[in-house]
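Chains as they are written, first to last, in numbering that gives the first Met the number 0: chain A, 0 to 690; chain B, 0 to 234.
Honestly, I wouldn't trust all of these hints.
Said to hold, decoys possible - Only pairs whose alpha carbons sit at most 27 Å apart, straight line, appear in this in silico DSS-like list of lysine-lysine:
#, chain 1, residue 1, chain 2, residue 2
1, B, Lys66, A, Lys153
2, A, Lys601, B, Lys205
3, B, Lys107, A, Lys148
4, B, Lys68, B, Lys53
5, A, Lys675, B, Lys127
6, B, Lys154, A, Lys601
7, A, Lys153, B, Lys107
8, A, Lys542, A, Lys332
9, A, Lys590, B, Lys66
10, A, Lys209, B, Lys76
11, B, Lys66, A, Lys297
12, A, Lys244, A, Lys5
13, A, Lys542, A, Lys493
14, A, Lys153, B, Lys53
15, A, Lys601, B, Lys76
16, B, Lys112, A, Lys660
17, A, Lys601, B, Lys53
18, A, Lys675, B, Lys112
19, B, Lys66, A, Lys675
20, B, Lys127, A, Lys601
21, A, Lys261, A, Lys297
22, A, Lys244, A, Lys297
23, A, Lys414, A, Lys462
24, A, Lys209, A, Lys153
25, B, Lys76, A, Lys592
26, A, Lys148, B, Lys112
27, A, Lys153, B, Lys83
28, B, Lys53, A, Lys675
29, B, Lys107, A, Lys601
30, A, Lys347, A, Lys333
31, A, Lys153, A, Lys660
32, A, Lys601, A, Lys538
33, A, Lys462, A, Lys585
34, A, Lys660, B, Lys107
35, B, Lys83, A, Lys675
36, B, Lys83, A, Lys592
Said to hold, decoys possible - Cβ-to-Cβ under 8 Å is the rule here; a few derived chain B residues that face chain A:
#, residue
37, Ile100
38, Phe103
39, Lys107
40, Leu110
The set of hints was computed from the structure by calculation and includes no laboratory data.
Model, not experiment: these values are computed from the prediction.
Glycine included, C-beta positions come from ideal geometry on N, C-alpha and C.
Single-letter residue listing:
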Amino acid sequence: MRDITKVRNIGISAHIDSGKTTLTERILFYTQRIHAIHEVRGKDGVGAKMDSMELERERGITICSAATYCDWKDHAINIIDTPGHVDFTIEVERALRVLDGAVLILCSVGGVQSQSITVNRQMTRYRVPRVAFINKCDRTGANPDRVIKQLREKLGLNAVPIQVPMGLEGEMQGLIDLVRMKAVYFDGENGDKIREEEIPAQYQEECDIKREEMLDAVSMFSDELMEAVLEGTPTEEMIMAAIRKGTLALEFTPVMMGTAYKNKGVQLLLDAVVSYLPCPTDVENFALDLDHEEAEVKVSNISSDPLLALAFKLEDGRYGQLTYVRTYQGTLKKGDSIVNVRTGKKAKVGRLVRMHSDDMEEIDEAGAGDIVALFGIDCASGDTFTSGGDYNFSMTSMHVPAPVISLSITPIDNKAQDNMSKALNRFTKEDPTFKTYVDAETMETIISGMGELHLDVYVERMKREYKAEVTVGAPQVAYRETITQRADFNYTHKKQTGGSGQFGRVAGFIEPLEEGEYEFVDQIVGGSVPREYIPSCDKGFQKCLDKGALVGAHVTGVRCAINDGASHAVDSSDIAFQLAAMGGFKEAYMKAKPVIMEPIMKVAVEGPTEFQGSIMGSLNQRRGMIIGTNEEDAYTVIEAEVPLSEMFGYSTDLRSLTQGKAEFTMEFATYRQVPKSVAEELIAKALKNKK
Amino acid sequence: MQKQDLIEKNPIRNLKGESDAKESSRMGLVMARAGLGKTALLVQIALDSLLNDKQVVHVSVGQSLDKTKLWYDDMFKDLAEGCKLNNAGEIHDSIMHNRMIITFNESKFSLAKLEERLHDLVQQNVIKPSCMVVDGFDFAQTGRAVLEGMRELAKTMDLQIWFSAVCDEGAGSQAGVPAPCNGMEDLFNTVVLLQPVPESDCIDLKIIKGSAAVSKCGKLLKLDPRTFMIRADCK
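Can you build the whole structure from these sequences, using the hints too?
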């Protein structure tokens, strides 16, 4: 079995157009996973950019498949695809869970852009150590020093260069490694022949200064190095150990540079990944103990312990359904039986493969910390597998946030209909926050999720990947209803005129429930409602929850209690008591002062300070509550809580308000009661729709 | 209990000046060593203004927005639960509209920037604060001139400003305002030092300058070390 300290699970994160695809491609080339370099730009070279998805399809490989494996100098590197958007909270969370470290790619001209800020913030939240790579140093206007300054100021990273470029823009010849004090050239047509030489005289002075700075910064992490620096005898090993220590503690970010397009610096980046980014045992991962209210337990990373593995991505490839899993503890062996903690179902590990860029390798087992793919396992992404028994742990919380927005989709023809259901079936498996159902009244297919963009992307994917053209309805916000006070009911359902009669009387009350959606309380004493009909009452109440009487939204936070009733020896039945309970609920509901709740989003707008006023104005207009601002040089981040219903089309508005200089992100925060005026409007609208 | 009772029962009133008329253009200072509840006290001062339907700007140096917001949510919850407030959620939502948090990185804070921001906010009609609390202001690094500027700001914008400052362990044993704020006491109307009381479970609010914070029964105010709430009941 592979030595776990020689495994690196890394993500590559980048702002659009900073060269993620090119870099990934070069990495695969130098690690001999692919044997020729294809350019992202088309032959005409005028900027016919292809995005990675199309590129992937054209070449029939998955460069950015969920996980790609490659070898570099005796180490195994798993490159995990990291989605860029915050809208997919769960998906981002999952990708960040399985990585141990990351490479932050920045464009030497564009520098730190707002998406980098968001991704960086998330990585800090999940404590992902990272190294930075300043790409495109061959571009006109390249300025790595400015990018490093931005890394420090905008991202708050202790970013220190460990390389000096020999020339920039068109004149870039190679790099100087400040750790070893060597000039490195990348010869050959594809830059695959590395030549090391002494530092050219004209760079000597600059390198001495930069090395001094680097040593100052890293000696903070090692007393040994500190002493050696004072004595003037720091060794390569000492410096590398100190850089590694600082990087793992997230207190130091080594900065490398180069240009993937011109084949410079990629091999050194790979060296850095191996030297400075953590192996699975260097980072702490936690599992949730389901027997003890999801308490956090540290995973052991030992291959001989019971199995704990997380399915983080499903892929529908040429070979059928692939499930990507990361093992955190224990060993995944071919032929073993494993248990899906969510469903409790047992499954047998059939084929176990390691994914390479364009082929796969069958393996027999995968130890702790590894990333592999399974065939023929029925599960959803985010599921945890264990070796079974009473080993009841989960890698992710079982709590899935309820969707806050929905859309109706209609396929344009029969073929699209088939493809659409195939697509929906897959998406719901992949993403637990994406849900779909058919509205019983309008017979429309409804998809629901965590935000406008979230659904947009799935609609787009349906078109692209499944060729399912659909027309999309206007987005609907998922309102909810809840009650604010206790109300009693006493309802008799009676239909005893001809035929078999129906009779049931229930009395009790409904009251607000602080936590949870619904609770049923049976307070019947003396058998006024026969035992067998009590579940019928429960069922009756639950039927009422689907559509509240105010605006037809889902009702939550209700405790229904029954304490009295009556039955008839012949005419009482299951359905009679269900109807009685429904009648009782309806009787009490309006008395219980129901209110409408709406999803509130946490919105963060980043933009130049001069637009602060107009941004705040635009948020205020949308019933937003501004929480505050955070000042960062010329940039300001404004955070606010805004009702989702007011956020439609905000990106267009924001763009025109700020000349396209501001960007915003939003995620679901909570449900809150809608103000009176809005509630009246909603009720009037619901009434109109009923008619 | 109603909102009005909450306002009246809040013992913090005594600290903020005898009456509302005198409340504006004052400066106050809360000092303590780390971990005794400076921020909590500032938030309670801010909450009192909010409950009086006044607008508050909270300037936080070196702390994130989320963290600061959490302070408010927690303190409000404690306050509301402590006196069994009806419709707490509604009141919370309505008063928090009047609060604005501005955060700065430690190195980015400057008086000029803050002044500019405040003027912007007022001009753009976003908020017109009558109280500002400044948490994390570095007294050791800033000179007297900055505080004089603040004093001026308080006057021109008709603001009450409260600061927090960290002092060294053991401060307060000698008379006067402890370092790093010694020599600046003339700029403040009120200076409060938080001090743990040995062998007891509370934190004293020692008034170094200004009207004594005497609660109704005539004793000194104390903080509850569990919640950092000012105690209404005097034992």
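Violated hints - listed by number, lowest first: Hints 2, 6, 8, 9, 10, 14, 18, 19, 21, 27, 32, 33 and 40 not satisfied by this model.
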